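What follows is the residue order along each chain.
Number of protein chains: 2
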Amino acid sequence: MDRDRKSRITIAVDLDEVTADTVSKRLVRYRADYGVELSQEEIRGKQIRDAVPLERKEAVEACLDEPGFSRDIPVMPDAQRVLQSLSTRFDIFVATSAMDHPVSLYDRYLWLQEYLPFLTDRSYVFCGSKRILKADFLIDDNPRNLEMFSGTGILFTAHHNIYERRFTRVNDWEEVAAYFERVR
Amino acid sequence: MDRDRKSRITIAVDLDEVTADTVSKRLVRYRADYGVELSQEEIRGKQIRDAVPLERKEAVEACLDEPGFSRDIPVMPDAQRVLQSLSTRFDIFVATSAMDHPVSLYDRYLWLQEYLPFLTDRSYVFCGSKRILKADFLIDDNPRNLEMFSGTGILFTAHHNIYERRFTRVNDWEEVAAYFERVR
Numbered sequence: 088m089d090r091d092r093k094s095r096i097t098i099a100v101d102l103d104e105v106t107a108d109t110v111s112k113r114l115v116r117y118r119a120d121y122g123v124e125l126s127q128e129e130i131r132g133k134q135i136r137d138a139v140p141l142e143r144k145e146a147v148e149a150c151l152d153e154p155g156f157s158r159d160i161p162v163m164p165d166a167q168r169v170l171q172s173l174s175t176r177f178d179i180f181v182a183t184s185a186m187d188h189p190v191s192l193y194d195r196y197l198w199l200q201e202y203l204p205f206l207t208d209r210s211y212v213f214c215g216s217k218r219i220l221k222a223d224f225l226i227d228d229n230p231r232n233l234e235m236f237s238g239t240g241i242l243f244t245a246h247h248n249i250y251e252r253r254f255t256r257v258n259d260w261e262e263v264a265a266y267f268e269r270v271r
Numbered sequence: 088m089d090r091d092r093k094s095r096i097t098i099a100v101d102l103d104e105v106t107a108d109t110v111s112k113r114l115v116r117y118r119a120d121y122g123v124e125l126s127q128e129e130i131r132g133k134q135i136r137d138a139v140p141l142e143r144k145e146a147v148e149a150c151l152d153e154p155g156f157s158r159d160i161p162v163m164p165d166a167q168r169v170l171q172s173l174s175t176r177f178d179i180f181v182a183t184s185a186m187d188h189p190v191s192l193y194d195r196y197l198w199l200q201e202y203l204p205f206l207t208d209r210s211y212v213f214c215g216s217k218r219i220l221k222a223d224f225l226i227d228d229n230p231r232n233l234e235m236f237s238g239t240g241i242l243f244t245a246h247h248n249i250y251e252r253r254f255t256r257v258n259d260w261e262e263v264a265a266y267f268e269r270v271r
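Here the protein sequences line up with chains H and U, keeping their order.
Anchor point for the first sequence: position 118 equals 205 in my numbering, and the numbering is continuous, going up by one each time.
Anchor point for the second sequence: position 46 equals 133 in my numbering, and the numbering is continuous, going up by one each time.
Derived from the structure by calculation, the hints contain no laboratory data.
None of the values given here were measured: they were computed from a predicted structure.
Even for Gly, the Cβ is constructed at its ideal location relative to N, Cα and C.
Be aware that a few hints might be false.
[To be verified] A short, non-exhaustive set of chain H residues, derived as facing chain U with CB atoms under 8 Å: (1) F180; (2) V212; (3) F213.
Please build the complete structure, drawing on both the sequences and the hints.
Dropping the structure here:
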C-alpha cells in the first residue's frame, strides 16, 4: 500500500502548538500553580520559560515531563477537520520533536489515536530532529525545525514566533486549508 | 549545528534485530514460557509468530507490549563499536518502527541512552513508516522497510530474511564497517 502511494505529495505537521494547543494547557497550569495569569501580552515574541520569573523557569518546563501532561491537551481549532480533509488528497505525517520529554512518548501516541483517528499510526513520527524528515511540506511553529527541513517549510503562528519573517506563514488551520487548495 | 552538518552523509539504522538483538531475548523468553527451545532451524526463513504452534502465536507477539520488555534487550555484537566509529564520519540516526508496540517507546528511549551513549537523542526516530526517512542509507532487517525507503537500502541478515535477494546484504556489524569503508 505504501508503495502505491509513493507519488502522493507528503505533508508533515508538527504536534505542539500546531495540532495540539499546548500553550492553552500550559497557561491554565500556570494559573493553577501560581494563582496569577500569564497573559498573551507577556508571552508575545518569547518562549514561556523566558516570560516567567527566573525562579519559575525550571518548573514551567518540568511539567511537560509529567506522565499524563501530554495526554489531554486540547486539539487546535479546525485541525481535525482540515487534516481529515487534507488526508484525502495528501499523505499526512504528524512529526513531533518528542525526545526532550521522553516520558510523554506514550501519551502522545494515545493523544494521536484519540484526536486524529482518521490517521493510522503509520503516520506518527517521534523524532529528535526534523532534519530526518522526507516530506514535501512541513507545517511547524518552530523556525529551527523549518531551517533544517529540506522541503517547503510553512510557519504556523505561535506566540513565540510572531517576529519571524523568513517563512511563509499561516495563522490558523483555515489558512492551512486555503494554502493547500492551491497545491495540486 | 544541524545546519553545518547538512552536507554529511546520513545513515539510518534500524533497532530491532540490527542494533538490538531482539531475537535472542525472544528465544530466551520462549524457553521460559514453554519449557522448550525454539531452534535457529525452526525460525529459519520466517517470523517467530509463524514458527510457533498456532495457540502460542498471540502470546509470542504480546510480550513485546509488556512494559520493560524492550528495556534490557542485548545489544548486537560489535554494533556499539562500529556505530561509534561511523558516527565520526557520518550522521547516524536510529530509526525504529515502534508504533506497533507503543508501550515500548519510553523503554526504547532509555535503551538507546544506555547502549548508544555517543549518540544524542537528536538521532532517535520512532516512526510508523520508514517512508518518511530522509537519509542516504538505511540498514534494516525488514525488506518492507527497505522497499519504501528512498535512499540506498542495506539488508542486515536476520533469521527471517535469509531468502531475500533484492538488496545488498550485510551479515554483521563487521560487514557494515567494511561496507562504509568504501563510502566517502
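Checked hints:
With its C-beta approaching chain U no nearer than about 5 Å, F180/H sits inside the 8 Å limit, and its interface hint holds. A distance limit of 8 Å between C-beta atoms decides the matter here; for V212/H the minimum to chain U is near 5 Å, and the interface restraint holds. Taking 8 Å as the C-beta contact cut-off toward chain U, the hint placing F213/H at the interface holds, the least distance being around 4 Å.
Going through the hint list in order, the structure satisfies each hint without exception.
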